[in-house]
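Student: Below, each chain spelled out in residue letters.
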Amino acid sequence: MTVEDEIEIMGQRLNDRINKIFGRSLHIREVDAGSCNACEVEVTALSNPVYDIERFGLHIVASPRHADMLLVTGPVTRNMELALLKTYNAVPSPKLVAAMGSCACNGGIFGDTYASGGGVDRFIPVDVYIPGCPPRPGAVIFGIMVALDKLEQKIRKKEVRA
Amino acid sequence: MFEIIRKTLRTGSQTINYPQEPDEAPPGFRGKPELFQSRCTCCGECVSVCPPSVIWLKEENGEKTLTISYCGCIFCGRCEEVCPHGAIKLTQEYELASKTKDDLLARIGWRS
Numbered sequence: 564m565t566v567e568d569e570i571e572i573m574g575q576r577l578n579d580r581i582n583k584i585f586g587r588s589l590h591i592r593e594v595d596a597g598s599c600n601a602c603e604v605e606v607t608a609l610s611n612p613v614y615d616i617e618r619f620g621l622h623i624v625a626s627p628r629h630a631d632m633l634l635v636t637g638p639v640t641r642n643m644e645l646a647l648l649k650t651y652n653a654v655p656s657p658k659l660v661a662a663m664g665s666c667a668c669n670g671g672i673f674g675d676t677y678a679s680g681g682g683v684d685r686f687i688p689v690d691v692y693i694p695g696c697p698p699r700p701g702a703v704i705f706g707i708m709v710a711l712d713k714l715e716q717k718i719r720k721k722e723v724r725a
Numbered sequence: 531m532f533e534i535i536r537k538t539l540r541t542g543s544q545t546i547n548y549p550q551e552p553d554e555a556p557p558g559f560r561g562k563p564e565l566f567q568s569r570c571t572c573c574g575e576c577v578s579v580c581p582p583s584v585i586w587l588k589e590e591n592g593e594k595t596l597t598i599s600y601c602g603c604i605f606c607g608r609c610e611e612v613c614p615h616g617a618i619k620l621t622q623e624y625e626l627a628s629k630t631k632d633d634l635l636a637r638i639g640w641r642s
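Top line first, the protein sequences correspond to chains A and B.
Position 143, counted from 1, in the first sequence is what the numbering used here calls 706; the numbers after and before it change by one each time, with no gaps.
Position 90, counted from 1, in the second sequence is what the numbering used here calls 620; the numbers after and before it change by one each time, with no gaps.
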């Protein structure tokens, strides 16, 4: 067997694994939990011709019931707290949560005050933190790649338990 | 309509091949702040100016530790501006995503 054949087999195995884990695509629901809108602009830039996340099979969807992943921005304000919890409960398992932006990571510039929750991880479990104010679209793609590794681990844990 | 088609064909594909090839941030981009152990004197200037208070100084048994958490950092560059010794520099690096908050901490120690 030549080196090329081995590489081809390895590539095939990797493809099979990706297909098995998330059916070739990941659907993302973006939740604005009180952000300043800078992160939303970057999320919009993800689907423009330059970054084009649809080429990886990543789609931004309109309902949490269609989603595999929540992309939360903002420090979770008092008014958005319940809405965030409801959205989280509406996402079918196995689900991923990505905290996008410094506010979502630990409050950022808004900090921990009366109206600001001070980070998404105080309300729902977070799988990946994407710092940046706002993060570049490239940083968000990188964060999603980091998160996908996690999804694989979660599924494996379930298989071991079963 | 003919004009639009001609323009589209002339423009071609603009998509960058990001995860396979690195996407360099433009000059002047404020990314990950880096600490330099050799230059820092632990004066605490950066601690007092940091707007989201993600830089902190801890003193234990005569050993000072300066810690910065990238988680919550707004990349304003104030720490770089006020540092009298140039011990903190903002780099072009932006791929900071991590699964735990502990991975986003950077520390330097200083013994008096």
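Since the hints were derived computationally from the structure, they do not count as laboratory data.
For each residue, glycine too, the CB sits at the ideal point set by N, CA and C.
Heads up, a few of these hints could be off.
Said to hold, decoys possible - Label-pair ranges, simulated between beta-carbon atoms:
id, chain 1, residue 1, chain 2, residue 2, range
1, A, Ala678, B, Gln622, 33 to 41 Å
2, B, Gly558, A, Pro657, 22 to 30 Å
3, A, Phe619, B, Glu533, 52 to 60 Å
4, B, Gln567, A, Phe619, 37 to 45 Å
Student: Next step is simple, just say for each hint if it's right about the structure.
Tutor: A quick look at each hint next to the structure:
no.	hint	result
1	Ala678(A) to Gln622(B): 33 to 41 Å	holds, 35 Å
2	Gly558(B) to Pro657(A): 22 to 30 Å	violated, 41 Å
3	Phe619(A) to Glu533(B): 52 to 60 Å	violated, 33 Å
4	Gln567(B) to Phe619(A): 37 to 45 Å	holds, 39 Å
Checked against the numbered hints given earlier, the structure breaks hints 2 and 3 and satisfies all the rest.
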